[in-house]
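Colleague: If you want the building blocks of each chain, they are given just below.
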Amino acid sequence: MQALRLGFLLGLRQIQRSSRWTTLLIIFVMMFTFLNLIAVSGILVGLIVGAERAVRESSYGDLIISPRAEEKHILETPTIVREIEQYPEIRGYSVRYQGAAELEANYKERRSLTAERDVASVKVTGIDPVQEDTMTGLSSLLVEGDYLDPREEGKILIGVYYIKEYAEQYGDIFETIEDIHPGDTVRLTAGDVSKEFEVKGIVESKVDEVNLNTYIPEREFRRLFGRLDQNADQIVMKLTVPSENAALKASFVEDGFANYAKIQTYEESVPKFLADIKNTFNLLGTFIGSIGIIVASITIFIIIFINALSRRRHIGILKGIGINAHVIEIAYVMQAAFYALIGSAIGAVLTYGVLIPYFDANPIKFPFSDGILVAEPMDTLYKFITLFVITLIAGYLPAKLITRENTLNAILGRK
Amino acid sequence: MSIIQATNIERSFGEGDLRIQVLKGISVQIDQGEFLAIMGKSGAGKSTLMYQLSVLDKPTSGTVVVDGVNVSELSESEQTDFRLRTLGYIFQDYALVPDLNARENIMVPLLMRNLPWDEARAIADAALDAVGLQGKYENLPSQLSGGEQQRVSIARAVAGKPKIIFADEPTANLDSVSGASIIDLLGDLHKQGQTIVMVTHEDEYTSYCNRIIYMEDGLVVEERKQ
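Top to bottom, those sequences are chains A and B.
What the first sequence shows, in our numbering, is residues 1 to 415, in sequence order.
What the second sequence shows, in our numbering, is residues 1001 to 1226, in sequence order.
Don't read these hints as lab results, they were simulated from the structure.
Just so you know, not all the hints are guaranteed correct.
[Stated by the list, open to error] In the PhoX-like style, the derived pairs of lysine-lysine whose C-alpha atoms are separated by at most 25 Å in a straight line are:
(1) K415/A x K1024/B
(2) K1058/B x K415/A
(3) K72/A x K272/A
So here's chain A without its partners, still in its complex pose (with noise of 0.2 Å):
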């Protein structure tokens, strides 16, 4: 114990008799080290996460209600949803009706018969519009003309994807209609059943379902597929606390939805593949960041050791005192323990600090995803902790070797 305290006694005068400005410069490597171990990787993951947190509010939302799997359409759709209406925590909900069908444009302008036709096979959701804005804010989502207004009828919004315009950027892999805009005229067919709509406006997103998609009045849609029995497709809805979406299905199932449809919460309903994805950015930013601790510890060792070095004499002077070589070395240790709590201090207040609130309120913005800074707290003590482990070695290992040195040579500076 009186070892320890005298190491740390000589650490610490060590520290502060040695130059502000290295110090200062290590402690900055130090943070540096430990925002690339937490940021890169939080980077990454936040690709995924953003497209993730873009998919539960565009569309999933926090819990989802889809047909069993014996089923075509939810049963009891009107008594779920006066259920639905009962439960406080629900903050939004929408219900869906789905279905295929063939859009197209530009057909008063054809000339001839045999001229091709502008159409695109399309997905075609029904949608309360009031009950859907609530829900995903689908209004905030336009980029061209109005929201769907839901005492009109005959009106229709879509999705970039299926505009060519706005598709053609990603290579010719959707279908699509051309030259369409608010107020033009398009024609739904679902089976044997044809209708106009308007155009009302053109909705974009970083989430392909509502991209990729057609939004109608519900009353509508029934009438176009012959859905008379008023079953959805889809019910999502958003929570007041989303985190409690689990307890909520429970509840749900115990009160016996579970027999007219299948209850998911978001997290159960995430694709493998985006799992899997993130997962993968996880190893790669961790593969970075070992990468950022390498080199740190590289950094670290050269730091004691040029800093044991110079003041090699010094260690044989304690040497020949009588002090214990491994006084010596936890002297150094605790310098390095120093320099990485430190570091990584500062590198952690600038994290949950500075950077994830400014990654939150301005989203990197890539193409499929606002990405966002991710640092789960236990992920980043684990990192803090490796960090840290790997640091105290690297002050080790160079004070080891300086203080194996003989006593007597190292008083006299000789080799």
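Dock chain B against chain A, hints included.
Modeller: Relative to the frame of chain A, chain B by itself:
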């Protein structure tokens, strides 16, 4: 009663044709309470002899017994512990740790001996008082003159009440006034019964010594009692 018994010690450096034999079979006996001066010209081997006697170096051959312990057989860490508990050192260039203040320089070996912090501090302050450095407890070595630094060095050497103090040219870097006062301090310690082994090449500082050995070319060529 002898406290150091060195028998036929040799010390050489280098290998093969480059081998240099600095000590050529020296036997020395030093009694408890003695103040011995080792003198000789530069390169005579006096410092090398002192390093063997003071457990800072191991002879190539021969044995050194200090305070009844054959120190040649001790491991590196055992030698360090032996130096801590038995010996005190005064070096030519003071050998203070520059990061520590005067008090801490003295406290460190005391703390290493597991003395409580307050007791080590009190002993350090008393030792500094004894060498005339009252009020300079918290001065760093760089804030002290050469003479003052050597006094701190003496205070550090005596604070642990060592059985033997080794002084390697303690006045070499000092002016004559400071040098004389350092020798006076050593003389006072000797009067209190302290065993001291001092290397010097200055005759005027041997007045307190009761024995002087003269070295030349790695051998003791003359011995004088006074």
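Colleague: Against this structure, judge whether each hint is valid.
Modeller: Evaluation of the provided hints:
A threshold of 25 Å between alpha carbons decides the hint, and for K415/A with K1024/B the separation of about 23 Å falls inside it, so the pair holds. Restraint check for K1058/B and K415/A: satisfied, since their Cα atoms lie roughly 17 Å apart, inside the 25 Å limit. The suggested pairing of K72/A with K272/A holds, with an alpha-carbon distance near 23 Å, which does not exceed 25 Å.
Of the hints listed earlier, there is not a single one the structure fails to meet.
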